[in-house]
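**Q** From first to last, the protein sequence lines stand for chains A and B. Per the numbering used here, the first sequence runs over residues 26 to 266. Per the numbering used here, the second sequence runs over residues 111 to 526.
I should point out that these hints are in silico values taken from the structure, not numbers from a laboratory. You may find that some hints are simply not true.
A few chain B residues that don't get close to chain A, going by computed Cβ distances all over 12 angstroms [said to hold, decoys possible]:
no., residue
1, 116
2, 122
3, 371
4, 387
5, 406
6, 426
7, 435
8, 466
9, 485
Restraint-style ranges between C-beta atoms, simulated for each label pair [as the list claims (entries may be wrong)]:
no., chain 1, residue 1, chain 2, residue 2, range
10, B, 489, A, 151, 54 to 60 angstroms
11, A, 41, B, 119, 22 to 28 angstroms
12, A, 198, B, 112, 57 to 63 angstroms
Here are some of the chain A residues that sit facing chain B, going by a computed Cβ distance under 8 angstroms [said to hold, decoys possible]:
no., residue
13, 44
14, 91
15, 105
16, 136
The C-beta atom is built at its ideal place from N, Cα and C for all residues, glycine as well.
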Amino acid sequence: MIVRVEGLTLKYRNALESFTVLDIPEWRLARGEQAAISGPSGSGKSTFMNALAGLLLPAGGRVEVCGQDLARLGEAERDRFRARHVGYIFQTFNLLQGYTALENVLLGATFSHRKVDRGRVRSLLERVGLAHRLHHFPSQMSIGEQQRVAIARALAKRPELILADEPTGSLDPRHTAEIVGLLQDACRDEGCSLAVVSHEAAVVGAFARRDDFMKLNRAFAPSPVPVPAAATAGTAAEARP
Amino acid sequence: MSFWRIVAKSLRQHWLSTGLAALSIALGAALLVSVASLREQTHRNFTQEGLGVDAVLGPKGSPLQIVLNAMYHLEEMPGKIKWTYYRMVLEQPIVEGGIPFVTGHSYAGFRVNAIDGRFFTEFEYAPGERFSFRPEDGGRGRAFAADDEAVAGSEVARALHLELGQTFNPVCGVNAGDPVHVNDRIRFVGVMAPTGTPHDRAIYIPLMAFYTLGGHGQDVRAMAADEEHREISGAYLRIRRIRGGAVHPGLQGLQYDVNQSSAAQLVIPAEVLPRLFNVIGWVDTVLMSIGALVTMLALLFLFVALISALRERKRDLALFRCLGATRRTVFGLVLCEAAFISMLGAVLGQVLGHGIVAAGCHFIKVETGLRFTAAYVSQADCLMLPAALALGLLAGLMPAVQAYRLGVLGNLTPVS
Numbered sequence: 026m027i028v029r030v031e032g033l034t035l036k037y038r039n040a041l042e043s044f045t046v047l048d049i050p051e052w053r054l055a056r057g058e059q060a061a062i063s064g065p066s067g068s069g070k071s072t073f074m075n076a077l078a079g080l081l082l083p084a085g086g087r088v089e090v091c092g093q094d095l096a097r098l099g100e101a102e103r104d105r106f107r108a109r110h111v112g113y114i115f116q117t118f119n120l121l122q123g124y125t126a127l128e129n130v131l132l133g134a135t136f137s138h139r140k141v142d143r144g145r146v147r148s149l150l151e152r153v154g155l156a157h158r159l160h161h162f163p164s165q166m167s168i169g170e171q172q173r174v175a176i177a178r179a180l181a182k183r184p185e186l187i188l189a190d191e192p193t194g195s196l197d198p199r200h201t202a203e204i205v206g207l208l209q210d211a212c213r214d215e216g217c218s219l220a221v222v223s224h225e226a227a228v229v230g231a232f233a234r235r236d237d238f239m240k241l242n243r244a245f246a247p248s249p250v251p252v253p254a255a256a257t258a259g260t261a262a263e264a265r266p
Numbered sequence: 111m112s113f114w115r116i117v118a119k120s121l122r123q124h125w126l127s128t129g130l131a132a133l134s135i136a137l138g139a140a141l142l143v144s145v146a147s148l149r150e151q152t153h154r155n156f157t158q159e160g161l162g163v164d165a166v167l168g169p170k171g172s173p174l175q176i177v178l179n180a181m182y183h184l185e186e187m188p189g190k191i192k193w194t195y196y197r198m199v200l201e202q203p204i205v206e207g208g209i210p211f212v213t214g215h216s217y218a219g220f221r222v223n224a225i226d227g228r229f230f231t232e233f234e235y236a237p238g239e240r241f242s243f244r245p246e247d248g249g250r251g252r253a254f255a256a257d258d259e260a261v262a263g264s265e266v267a268r269a270l271h272l273e274l275g276q277t278f279n280p281v282c283g284v285n286a287g288d289p290v291h292v293n294d295r296i297r298f299v300g301v302m303a304p305t306g307t308p309h310d311r312a313i314y315i316p317l318m319a320f321y322t323l324g325g326h327g328q329d330v331r332a333m334a335a336d337e338e339h340r341e342i343s344g345a346y347l348r349i350r351r352i353r354g355g356a357v358h359p360g361l362q363g364l365q366y367d368v369n370q371s372s373a374a375q376l377v378i379p380a381e382v383l384p385r386l387f388n389v390i391g392w393v394d395t396v397l398m399s400i401g402a403l404v405t406m407l408a409l410l411f412l413f414v415a416l417i418s419a420l421r422e423r424k425r426d427l428a429l430f431r432c433l434g435a436t437r438r439t440v441f442g443l444v445l446c447e448a449a450f451i452s453m454l455g456a457v458l459g460q461v462l463g464h465g466i467v468a469a470g471c472h473f474i475k476v477e478t479g480l481r482f483t484a485a486y487v488s489q490a491d492c493l494m495l496p497a498a499l500a501l502g503l504l505a506g507l508m509p510a511v512q513a514y515r516l517g518v519l520g521n522l523t524p525v526s
């Protein structure tokens, strides 16, 4: 099992009160498995991804990734763990603007301390169809191309788990299908597990396993909305050492 | 991609603020380096072995004035001393030798000193260094051999475009409007090789020529033959050395004895020159203070540049964190950038500072005859890099702490 979540609760506090943003009794992802998690905006999907990546620490329960209970690691250890085992593709196009496509992908492996040669990086970029864009900066690429770079970057360090948070959020339907297919194929080729959260039916429909986050997350109540997006803004449970 | 590559990339990304911060530090450092170098070299020039003179026997008056006149060809001698008294001092066991001179004449703004001919054969303007007329050293001609012959220092020859054989009429005095010895034509027969000392800025005629100059009164002319009444301005004295090359400690006793008399005083340049240095020392204190202030302002600029760069880079740093960089790594990134910028500024400042000294050397030499070198390594040079590193780290500390405390998720916002 690559991911094992048991009794996960995560709270968001503001000056007046505290809300439970996540309350997930159980969720698992097997090695090599690919799953789509669907749910409306504000249901806490991104917060869940951040908890799986070790960027947020749960208030209760257990998040185990690659057999490691994340709560048992200090912040720096969680950073290093993430660098080695987890590839993260964001909702928005988070490439480093001052770095070329090649450098962005290289950077993905820099902090993992795993030896990644330029040959692999080039072949990954070729794999995502960007052989002609190696030395282009993000500002010189289309949004779809930037997202391909993000996929290559996530895969560069040979992680066991790829987390993708709304990876097609800004793409048109044709590119959405392309990117989702690419992501699925690349993860299959690299032998890593994939968890994608999306509110788009086209994305979720491409996966054999589809988890409804509204059923998964007992804390989600359509009204009143506790602004869970704020929790992802890092002000709440974002972990400190 | 290595940590250092990321630092280099970040510096390149913010090249304008990096460059301006480094440049402003360089300007402050250059000022500090050049002022320190000039100050230390001035000090060395003024105090080194008294320019080859252990002691100056001169008339009563200000010791500083005597040194300035005898050795720097400035000011005027406050009076004269008796030749017989000089002879008596010369006979003291610790006095190895003396070179008497008479000052008070000039030509074209340069001093004309009447001096004993042994000045060219025995006088050492620096340890082991004697005046040379050899062309390979940059000299010309020979030492004077007759009363109507003169020798010029290299700066005099350069400034007046002197040719050997050229003649001149000395001025009886050192001020504008003093009378000219119209009937005494003296011929240049030699130009001394450059020495980098004030001696390059004087003209020398034979000691006895002073007494025989036509314009002088009968009483002065009589001094040429009458040693009993002969007067001189002073004499350079060479004192016997003790083991280890130090000046014989009896010099202090001799100085006391001479100074007790009403006839003359004994001035030890190595004691007087630091006093002169102290008088002019405030100038470089002011310059050093300005240099320190500029450097501090530059570091403040670096601090502001780093803080504002950090604002632009929050997203990048959050991304680094998300990719697995620890807080310590991003802290180190910002700190290394600060250290690099300040070190770059310090190195540039040293190059620039030595460049300023190199440019100034020529003018200082021409104006004062003092020799400076751009290659001189001052205390400021030795301290510059460690100090720049320490201050750079200090300037970068707060931005680095801010980077350390940066929240990851809150800063992962889209660019467009």
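**Q** If a hint holds in the structure, say so; if it doesn't, say that too.
**A** Each hint tested on the structure:
no., hint, result
1, 116, "violated (7 angstroms)"
2, 122, "violated (8 angstroms)"
3, 371, "holds (82 angstroms)"
4, 387, "holds (53 angstroms)"
5, 406, "holds (31 angstroms)"
6, 426, "violated (6 angstroms)"
7, 435, "violated (5 angstroms)"
8, 466, "holds (36 angstroms)"
9, 485, "holds (41 angstroms)"
10, 489(B) x 151(A): 54 to 60 angstroms, "holds (59 angstroms)"
11, 41(A) x 119(B): 22 to 28 angstroms, "violated (44 angstroms)"
12, 198(A) x 112(B): 57 to 63 angstroms, "violated (41 angstroms)"
13, 44, "violated (17 angstroms)"
14, 91, "violated (14 angstroms)"
15, 105, "holds (6 angstroms)"
16, 136, "holds (4 angstroms)"
Checked against the numbered hints given earlier, this structure breaks hints 1, 2, 6, 7, 11, 12, 13, 14; the rest are met.
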